[in-house]
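**Q** First to last, the protein sequences are chains D and A.
Using UniProt numbering, the final residue of the first sequence is 397, and nothing's skipped along the way.
Using UniProt numbering, the final residue of the second sequence is 397, and nothing's skipped along the way.
No lab work stands behind these hints, which were simulated from the structure alone.
Here chain A is said to cover these stretches of chain D; the calculated rule only asks that three of the stretch's residues, wherever they fall, bring their Cβ under 8 Å from a Cβ of chain A:
id, stretch
1, 6 to 15
2, 226 to 240
3, 247 to 254
Even for Gly, the Cβ is constructed at its ideal location relative to N, Cα and C.
For reference, the chains in residue letters:
There are 2 protein chains.
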Amino acid sequence: MNNFNFHVTTDIRFGKDRLEELPEALAQFGKKVLLVYGGGSIKKNGLYDRVTTLLSEQGFDMWELAGVEPNPRVQTVKRGADLCKEHGIDVVLPIGGGSTIDCGKAVAAFALSGMDDPWELVLGRRGYTGPALPIVTILTLAATGSEMNVGAVISNPETKQKLGFGGPSMLPSVSFLDPTNTFSVNHYQTAAGSADILSHLMENYFSRVTGVDVQNRITEGLMRATIANMRIALKTPADYDARANLMWASTLALNGLTGVGKGGAWSCHPMEHELSAFYDITHGVGLAILTPCWMAHVLNEETVFQFATYAREVWGITETVPELAAKMGIQKLYDFFKECQIPMTLPEVGIKDERDFEAMAQQAIDHSSIATAAFVPLQKADVLAIYQACMTESQFV
Amino acid sequence: MNNFNFHVTTDIRFGKDRLEELPEALAQFGKKVLLVYGGGSIKKNGLYDRVTTLLSEQGFDMWELAGVEPNPRVQTVKRGADLCKEHGIDVVLPIGGGSTIDCGKAVAAFALSGMDDPWELVLGRRGYTGPALPIVTILTLAATGSEMNVGAVISNPETKQKLGFGGPSMLPSVSFLDPTNTFSVNHYQTAAGSADILSHLMENYFSRVTGVDVQNRITEGLMRATIANMRIALKTPADYDARANLMWASTLALNGLTGVGKGGAWSCHPMEHELSAFYDITHGVGLAILTPCWMAHVLNEETVFQFATYAREVWGITETVPELAAKMGIQKLYDFFKECQIPMTLPEVGIKDERDFEAMAQQAIDHSSIATAAFVPLQKADVLAIYQACMTESQFV
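The shape of chain D in the complex, shown without the other chains (with noise of 0.2 Å):
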């Protein structure tokens, strides 16, 4: 096990009818308010009424940043951050799923960061160290996690890139996390979301580090939980506690319980980046399409015992002989993700040609360290076969 800091205080108040405790968990920052939200699905299920009326009569000041994208633009964090500034917004409070909240956090880094060009702090990457307006948020989506860490993830539709950045100021004071909220999510983000937990969880799974058993048996325990629930709420999208179980999932996922002390550098996500910032895809689905194709690549001698361990463990697969368990578990993630009804190959997503790929493989290296810290280091040709691999549906066993 490698030494790791862990210090994670975002208060989190899960569960349903709490919303009243929202105007004393903005107040100890002030009460000039930035509310930042999406395409408007708040305003359908009620969600942004109940807000803005309760703030209103508590006697808060608001302003809006509305129509974040499902890939936030930098140029909608300069948008938020002028708001900031003009305004002296007190507080940020971004309403919605992953999306919403790291735009929301972003602006909050970027109106205190001195910086002129929001896209200046993001190529920063993970060492932002300045200050950052408070920020609290009121999830709706269960997938990135967002709301319980120090990252937030940026695109730049000019230049065709998609990056992580962050820093500790960034950690969200508060977050509210009502599953109700997630009732009207529908089947595809649903499945997209929960696509994104299971990334996230499998990404911090496979490292080459070892003595990890703690961080090890917590992430299969959190798949199990997701892949069970996920099940349910797609089938019964109002199930209170399949959605409150993958709402603290996608939380756990990535608040550092399930990374701490392994360290490497993830796979699936930066290949992902790349087809969102060419294509502006969904993320999840990206993952979901990725994710079995990149096992199948990074299969060896070397990996074998832990892809074969992931597959009993998570799938419950008896067979012995490990390359063929290991495959069983690779077949039981794409099927299963079939049956979630996601799109399992690049052209169902609109990418229908290749034309693309030895630029996004350039990328995919030039923006991680994924050729040299990931758990099998990948170069282009690999991120390129992975890619290939993709384009028809696959039979791994």
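Since the structure of chain D is already known, use the hints to place chain A on it.
**A** Just chain A now, kept in the frame of chain D:
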């Protein structure tokens, strides 16, 4: 799943060779430090010298509360708080296991409580809302989880009471978790501490609240990691990864992660606290003795499914008849504790007869909500029966 708060702000510094960070961790609170430690094992293994030399070099002023008992006493808390008041202590630094840390937390709270009698503080139980001096811990035993939670357990030999109490201000600000500090923990204390970890996991696991897959899968995983690494550490005391897994498991078992969203009262701890209060036995050993007998006592038609799940997920029992599977799981736990050379009857730890059982059973009821809120509510006759079952060796299948 029940509503819950999760707000655990302790700054965990996990790993070896990190003591050089201690001055910075303390200095944020001031330069006057109260060292709290137990029977002197930190003097034998060199930790005391390393800490005091380092802090002297950095200009800290130190006072000492030494000789904290394995079941720390209220008089010791008073002695420590008097030192804090007399010398204007800025920060309390317990170096030791759960007893030492619990004592340090109680000292930190009582010093600022404004109360005259430390037992008054303890009798307030979980309701302490007053201030406490900042607490920085150096953990030397994987067991209680006190390094990352708000609770403390203090004994009063005069009244034969051992009670848990706590409040938010008693959460350690920084905790140093260096697995090498546990290399010198002997076989008996390693086994007892690990049994305490397992007990915390089982107390949280067996609950009447449903729809908590995330918590249950995490808890099963922590139990498996604890069992596997307990075996290694008992054979090879200086195995770094085994000690690291036990240490991190001990912290996560009782920092809220495994208990949030569930509620209800614990079962074995209230019964064990009376054993310790009357006979001053080792807490973890008392728990190991009680737990299998408690399980057998509460196994019934309503609980059999949960015990069978526990048997399958933790011990790999493949038996499909639920009642038999459940009993096999209980037997596995009992046999495992015996394999670890934990004395598994009360007479082996000096409780030779039943003369105090009536009084202890009554106190277990009076000092907890075991009779109303436990997984299976236990009345005085139940507690008596469990104590009596612990007088001889058991066979569960």
